[in-house]
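K.L.:
Residue strings, one per chain:
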Amino acid sequence: MKITLNGDPKELPAPWSVQQLLEHLQIPGGRVACEINLKIIKRAAYPNTIIQEDDVVEVIQAIGGG
Amino acid sequence: MQDSQLVIAGVTYKSRLILGTGKYKTFELMQAALIAADPGMVTVAIRRVDLKDRSSQSFWNYLPKGLPILPNTAGCYNADDAVRTARLAREMLDTPLIKVEVIGDPKSLFPDVEGTLQATRILVKEGFTVLPYTSDDPIIARRLEEAGAATIMPLASPIGSGQGILNPLPVRFILEQCKVPVIIDAGVGTASDAALAMELGAAGVLMNTAVAEAQDPVMMARAMRLGIEAGRLAYLAGRMSKKFSGSASSPTVGLSTPASRTPQ
Numbered sequence: 001m002k003i004t005l006n007g008d009p010k011e012l013p014a015p016w017s018v019q020q021l022l023e024h025l026q027i028p029g030g031r032v033a034c035e036i037n038l039k040i041i042k043r044a045a046y047p048n049t050i051i052q053e054d055d056v057v058e059v060i061q062a063i064g065g066g
Numbered sequence: 001m002q003d004s005q006l007v008i009a010g011v012t013y014k015s016r017l018i019l020g021t022g023k024y025k026t027f028e029l030m031q032a033a034l035i036a037a038d039p040g041m042v043t044v045a046i047r048r049v050d051l052k053d054r055s056s057q058s059f060w061n062y063l064p065k066g067l068p069i070l071p072n073t074a075g076c077y078n079a080d081d082a083v084r085t086a087r088l089a090r091e092m093l094d095t096p097l098i099k100v101e102v103i104g105d106p107k108s109l110f111p112d113v114e115g116t117l118q119a120t121r122i123l124v125k126e127g128f129t130v131l132p133y134t135s136d137d138p139i140i141a142r143r144l145e146e147a148g149a150a151t152i153m154p155l156a157s158p159i160g161s162g163q164g165i166l167n168p169l170p171v172r173f174i175l176e177q178c179k180v181p182v183i184i185d186a187g188v189g190t191a192s193d194a195a196l197a198m199e200l201g202a203a204g205v206l207m208n209t210a211v212a213e214a215q216d217p218v219m220m221a222r223a224m225r226l227g228i229e230a231g232r233l234a235y236l237a238g239r240m241s242k243k244f245s246g247s248a249s250s251p252t253v254g255l256s257t258p259a260s261r262t263p264q
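Protein sequences, first through last, are from chains L and E.
The working numbering puts the first residue of the first sequence at 1, with every later residue one more than the last.
The working numbering puts the first residue of the second sequence at 1, with every later residue one more than the last.
Isolated chain L, as found in the complex (with noise of 0.2 angstroms):
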């Protein structure tokens, strides 16, 4: 399954979670912020958040800066 993330083509094995998709990315979901199709998905909703093909995701962080 065909998606995009952060920009960039990526394939899926099958439509998972966003909580699945943080898992298999090891990335722990207490500092970021994700996106499906520039809508906000609640930290609680990651579980029943299933992504569709061709969704485009984004994993937001908070990095240094002024």
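Hints are computed from structural coordinates only; laboratory data are not their basis.
Glycine included, each C-beta is placed from N, C-alpha and C at the ideal position.
Accuracy of the hints is not assured; some may be wrong.
[To be verified] Restraint ranges, calculated between C-beta atoms of paired labels, are given here: (1) E:F110 - L:Q26: 38 to 44 angstroms; (2) L:D8 - E:K179: 46 to 52 angstroms; (3) E:S55 - L:G29: 37 to 43 angstroms.
Chain E: place on chain L using the hints.
P.N.:
Only chain E this time, still in chain L's reference frame:
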């Protein structure tokens, strides 16, 4: 006179210095600078997780615990992107605070004040505490305050330029008219710039490059903390009036020198 503390939207901060967390050579250096500066708040940027290089993810381990975080919308060139970034920041960091930065030009990094105002209006309606980075235009400052901005943050000179407060007059107009705290954001180069901002009556100073790119960032961080404190005290103390001619500090009577030898 007892000094008051910086209060933004009803929340008190322990210092009038807001420090950025970008551009440090290492996270260890950033951490040492943050400890030396002891800021009231630190700014962070909102970016994609780098899926190839995970080194940036250890960033949080180097931030002193309990330090209030001010996410920014740096890198946004229109109101829509700034609003989107603010929403992501709120979801991620559980804070209503957002430094709205809508850049209008990549060279000067001057703000697009129309976009800034537009984003401020939307985000205030959504319950954000909006701290907009803006130009030193008093009229735009007034519009932002009317739109519900929690502070007004005029630039001293271009972001990262270290040129200091190039144009104090419009900053003074803004300071005089604003009821919300005015924080000088961007352009500070060294401790005397920060002190001057505070002497003018600013409620605080936000800086990043001046500390991060100093030869010794940790020492500069301390200098900035002291500069802000000195400037604030000087503002509260009230400076003497400037005079055209000299005025002797020692008594002019009782001199042992004959009066005939004193020029008239």
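K.L.:
Confirm or reject each hint.
P.N.:
Verification of the supplied hints:
no., hint, result
1, E:F110 - L:Q26: 38 to 44 angstroms, "holds, 40 angstroms"
2, L:D8 - E:K179: 46 to 52 angstroms, "holds, 48 angstroms"
3, E:S55 - L:G29: 37 to 43 angstroms, "violated, 20 angstroms"
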